[in-house]
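Chains as they are written, first to last, in the UniProt record's numbering: chain A, 1 to 736; chain B, 1 to 321.
Hints should not be assumed to be uniformly reliable.
Far from chain A by the CB rule (all over 10 Å, computed), these chain B residues [unchecked claim]:
1. S60
2. N126
3. E177
4. G252
Taking lysine-lysine pairs in the DSBU-like style, the calculated list, with each CA pair at most 30 Å apart, reads [unchecked claim]:
5. K731/A to K317/B
6. K291/B to K731/A
7. K78/A to K39/B
8. K380/A to K297/A
9. K39/B to K64/A
10. K317/B to K609/A
11. K450/A to K380/A
12. K30/A to K106/B
13. K9/A to K450/A
14. K458/A to K30/A
15. K731/A to K609/A
16. K39/B to K30/A
17. K203/B to K262/A
18. K291/B to K727/A
19. K317/B to K428/A
20. K23/B to K106/B
Calculated from the structure, these hints are not laboratory results.
Computed from a predicted model, the values in this text were never measured in an experiment.
Glycine included, every Cβ here is placed at the ideal spot set by N, Cα and C.
Single-letter residue listing:
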Amino acid sequence: MKFDNPAGKNPIDRMKVVGKAYNRIDGPLKTTGQAPYAYERHDVAEGQLYGYILGSAIAKGRIKSMDLTDAQNAPGVKGVVSTLDHDPMKSNFNTASLFGGPQIQHYHQAIAMVMAETFEQARAAAALIRVDYAREDGRFDLEALAPSAPPADGKEVSYGDFDAAWASAPVKHEARYTTPAESHSMMEPHATIAAWKKTDDGRDHVTIWTSNQMIQWNKMALAGVLGIEQDQVRVDSPFLGGGFGSKLFLRADAVVAALGAKQVGQPVKVMLQRPLIFNNTTHRAATIQSISLGAEKDGKLTAIRHISTNGNLPGGDTEGSTAQTQFLYASPNRYTNLHLAEMDLPEANAMRAPGEAPGMMALEMAMDELAETLDMCPVKLRVINDTQVDPTKPSRPFSERHLVECLQQGAAKFGWPEGGKYPKPGGKRDGEWLTGIGMAAGFRDNLLMKSAARVRLKPGGRLVVETDMTDIGTGSYTILAQTAAEMMGLPLEAVEVTLGDSDFPASAGSGGQWGANNSTAGVYAACVKLREMAADKVGFNAADVDFDEGEIRSGGNAVALSDAAADGELVAEDGIEYGDIGERYKQSTFAGHFVEVAVNAYTGESRIKRMLAVCSAGRILNPKSARSQVIGAMTMGAGAALMEDMAVDTRFGFFVNHDLAGYEVPVHLDIPHQEVVFLDEVDEKSSPMKAKGVGELGLCGVGAAIANAIYNATGVRVRDYPITLDKHLEKLPAIA
Amino acid sequence: MRAFTYERASSPAAAASAVAGTKGAKFIAGGTNLIDLMKIEVEVPTHLVDVNGLGLDEISETEEGGLRIGALVSNTALAADQRVRRDYGVLTRAIVAGASGQLRNKATTGGNLLQRTRCPYFYDTNQPCNKRSPDSGCGALHGYSRQLGIMGVSDQCIATYPGDMAVAMRVLDAVVETVKPDGMTRAIPIADFHRTWESAPEKDNVLEAGELITAVTLPKPLGGTHLYRKVRDRASYAFALVSVAAVIQPDGTGRFAVGGIGAKPWRSTAADAQLRNGASAAAQVLTQGAKTTEHNAFKVPLVERTLAAVLAEARSKGAAA
Ligand SMILES: Cc1cc2nc3c(=O)[nH]c(=O)nc-3n(C[C@H](O)[C@H](O)[C@H](O)COP(=O)(O)OP(=O)(O)OC[C@H]3O[C@@H](n4cnc5c(N)ncnc54)[C@H](O)[C@@H]3O)c2cc1C
Ligand code: SF4
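Whenever a hint applies, use it, and build me the whole structure from the sequences.
Following this line, the structure appears as structure tokens:
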């Protein structure tokens, strides 16, 4: 099904099942430990060996030699896969090689995997591998490299004349902001079981049971690195314990599991040990951002410039921290660009809301600083600079844009002060706590991706949905079931959803908050086809039927839906595809974030007291799972603002705090109260579902709102995230 | 993790001689620190002697009016003991500020005193670390050292003793009781129990090979207001950047010890004597000679400010009483 024009009225608009706050249909499986996660799939293949990966001890250089003898002779060991026995392997999705060859590109690069009968044997044997390295100097210090980092190709956006407008702007704010490298640190590490078999035509075929967000990308990537055809690979990933972008791309676990299983002729399972998550996989790049905002005295922006620099391995990508600056506020003149320094730290790549998450942390702090310079209400400053069109392409309207409503409703609900200006920074004390409030706009793009599904109407009337969509904890199972139930006029219980198998039709997958809208639209498309088939089957005119309460109705007649499958199941497959509607209309999601914090006047510890997000993201398919997404994202934003920081050793070239004791993420006590409001709206240009993404929106802006609240509490502006106590301790107001 | 053998000891003295008699042997109590370190081969014992079940898990009153805490008393049981809560509140407060409920259920009094540093280079066997691997160098000194120590440190090692319980025990002048392999016992004041890093940072404390901690005794109660303040980046489940244990008397005199800054819980009687003159005076004396890095220099003002918070809280509690 091609979606190229705004959706008209359709069966989803009934909202009998869609839009209801159902519990996750997969919840009982998870709470009873029966949801099959990759490492626990003992039943899928007989005789699984345990793998244990050895990571490189150096950050850059070459392996001169590797002595495997002791490891190979250790108890229980069945084989060792060595990087020296393979050519470097990486897919188009990877910057760093995942495995193979003597060259070391980053710390904890996988260089060997031991396979043994027990996990303990594999781990003990891995420690017996002796490696002789030739170390080389590397580039590990972003601060030192940033000044000479060149602009990346094709990232510049220039509109109007920034320089002239800046020179003549009556009010200006300009500052430098930094965000640190962050780790996805999802709960479930990367894990894979691999098993080979011969197909009927005598070819080799590998199945990986893994934890991955994008099934087709990974099928393609694995086939590529193994040098086999895509039909020789099956990827199965029905449940994931989080991903946040860390599981978008093929990773070392899948590669070495496949190589190892082939080498020993036996299934192998392997999980990345926690310390490898930080230096072996990807992370969000650290950024250094400079922002210049010029305005009239009334606050109208006349000049915006935003330049962000990050580092990456040669051939790696930018962190697009200026993405939102192109679209969020009106201004006739703007300039944004991204600079990229070549470095030898592990690969930087997408983490939840890549670009906008760190970009909004800087931009929305800068906006607050401008409001202060203007002596103006920060909510009003954002409202008067709203735009309903793409500012650098005024003929292109936003599909729906309700940022102003988010900000105004949020301010009212939060109890933003009368008159709108911030209370005097550092002026409010509650016992030993300085208290403050802060706000920020939220912004994240909505992306359109094609997505397919198959639906089976079973004899007896049950409906089965099949798509390779993944549920990374987001609630995909539930919203896909809701969509199919709504389309076919069935109760939710009559629908079964099966996901994550590459033998199923290719979906949009989970990433970039595109999963919900596109994958449900794919199921919608398949159901439209099934409706036609069912109507046809029972002899109704497909143009004039209604599916409701388990019946197909036409004119005054009704038959049970199950009758359509009485003599054999009906199977329909289709997908959603988009024309240029995303070009014609700019599609984004919006929020207003409001936060209250307390900062200890003695110790400088910052603690959040309450958070509110008002979100605008089209139709909300399930308010409960959508809320979970937003509060989870707000929590991640709290981590980014207050504590998450991958510390770099600039001599040895690695992230030092590579476990969950050293890399702190928020705990329950850090997050006392969160409230989420969704505006009641639909976006007819996003898909037949009229929905948009929410999974990343909640993260974009919240960090700045926290930072702004801390400033309001202390009167000390910290522009280097995370805002830990050492950064403002000695500048705090004197203790009375 | 390397393969190891295991036995249960039949008595404290037998445990001590079992460890002394086997090269590379170690005691295991709750295992919450030791096993983590064994998994990554920072600790590589050849033989483990289990000291649970030796009857060392009782808290009893001493003739001097204090308490004797068996070495195997769990952190949970110790923190919850009515006598401790009543007379040694600083100890309960310190314990419950540490780790998590599950860990405190397993963690023991002796094991807690002996928990090893949380220096990230100590934990990464690819990195130089004099404490883990003598004479390999100190990775942290010119590396990432935000968590690490400023007192009792040297170019050899800047690790901290990371725990909470011992900071309170330091302020209470606890005494560590041990038995040696030959059956001799000794009583080590907690002030002398942990070492500093002028030399041989691989050795955390003064215990001899095979010497088993049997108990920790607390002198008779001090009265006063008992406070423990732990400062950290997140609100719970993190090691201290700085912590202050204090017992403050109604007249403003008292004593305090500081965690998170040194090779051991840091206290000085000269600093205690300055408490009457306020946090600034006392903290200055305590942190005299601090050896800081670019990353951990903030701990000096943080000690003073945390102490100020503690003294203010003591005053408000005293006033309320
Ligand atoms: C995730 C995590 C967070 C933590 N957070 C904190 C925190 O915030 N604050 C805090 O204070 N602690 C914290 N801890 C540390 C915890 O308190 C210690 O692991 C625990 O107290 C150790 O006690 P154990 O009985 O398990 O010792 P074990 O692990 O059994 O032993 C530790 C060491 O002591 C030796 N040993 C044990 N008993 C004796 C004895 N009787 N005589 C001689 N030697 C002995 C062992 O040989 C070993 O070398 C944390 C630990 C973890 C894992
Ligand atoms: S500070 Fe001590 S524990 Fe840390 S690396 Fe240096 S020697 Fe090792």
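Verification of the hints:
1. Every Cβ of chain A is farther than 10 Å from the Cβ of S60/B; the closest lies at roughly 35 Å, confirming the non-interface assignment.
2. Interface exclusion of N126/B from chain A breaks down, the closest Cβ pair being 4 Å apart, not more than 10 Å.
3. Look at E177/B: its CB is around 31 Å from the nearest CB on chain A, clear of 10 Å, so calling it non-interface holds up.
4. Under the 10 Å C-beta cut-off, the non-interface status given to G252/B relative to chain A holds; the minimum distance is some 17 Å.
5. A C-alpha spacing of about 28 Å is found between K731/A and K317/B, which places the hinted pair at or below 30 Å, so the restraint holds.
6. A threshold of 30 Å between alpha carbons decides the hint, and for K291/B with K731/A the separation of about 22 Å falls inside it, so the pair holds.
7. At roughly 21 Å between alpha-carbon atoms, K78/A and K39/B fall within 30 Å of each other, so this suggested pair holds.
8. About 13 Å separates the Cα atoms of K380/A and K297/A, which keeps this hinted pair within 30 Å; it holds.
9. Of the pairs offered as hints, the one joining K39/B and K64/A holds, with about 28 Å between alpha carbons and a cut-off of 30 Å not exceeded.
10. For a cut-off of 30 Å, the pair hint linking K317/B to K609/A stands: about 25 Å separates their Cα positions.
11. Between K450/A and K380/A, the direct Cα distance comes to roughly 38 Å. Violation of the 30 Å bound is thereby established for this hinted pair.
12. Straight-line distance between C-alpha atoms of K30/A and K106/B comes to about 28 Å, which keeps the hinted pair within the 30 Å bound.
13. Taking the CA atoms of K9/A and K450/A, the gap is about 21 Å. The hint holds against a cut of 30 Å.
14. Restraint check: the Cα-Cα separation between K458/A and K30/A comes to about 26 Å, which is no more than 30 Å; the hinted pair holds.
15. Note on K731/A and K609/A: the hinted pairing holds, with a Cα-Cα distance of about 22 Å set against a maximum of 30 Å.
16. Taking the CA atoms of K39/B and K30/A, the gap is about 29 Å. The hint holds against a cut of 30 Å.
17. At most 30 Å may separate the alpha-carbon atoms for a hinted pair to count; K203/B and K262/A exceed this at roughly 47 Å.
18. Of the supplied pair hints, the one linking K291/B and K727/A holds, its CA atoms being roughly 20 Å apart against a limit of 30 Å.
19. Simply put, K317/B and K428/A have alpha-carbon atoms about 23 Å apart, close enough for the 30 Å limit, and the pair holds.
20. Straight-line distance between C-alpha atoms of K23/B and K106/B comes to about 27 Å, which keeps the hinted pair within the 30 Å bound.
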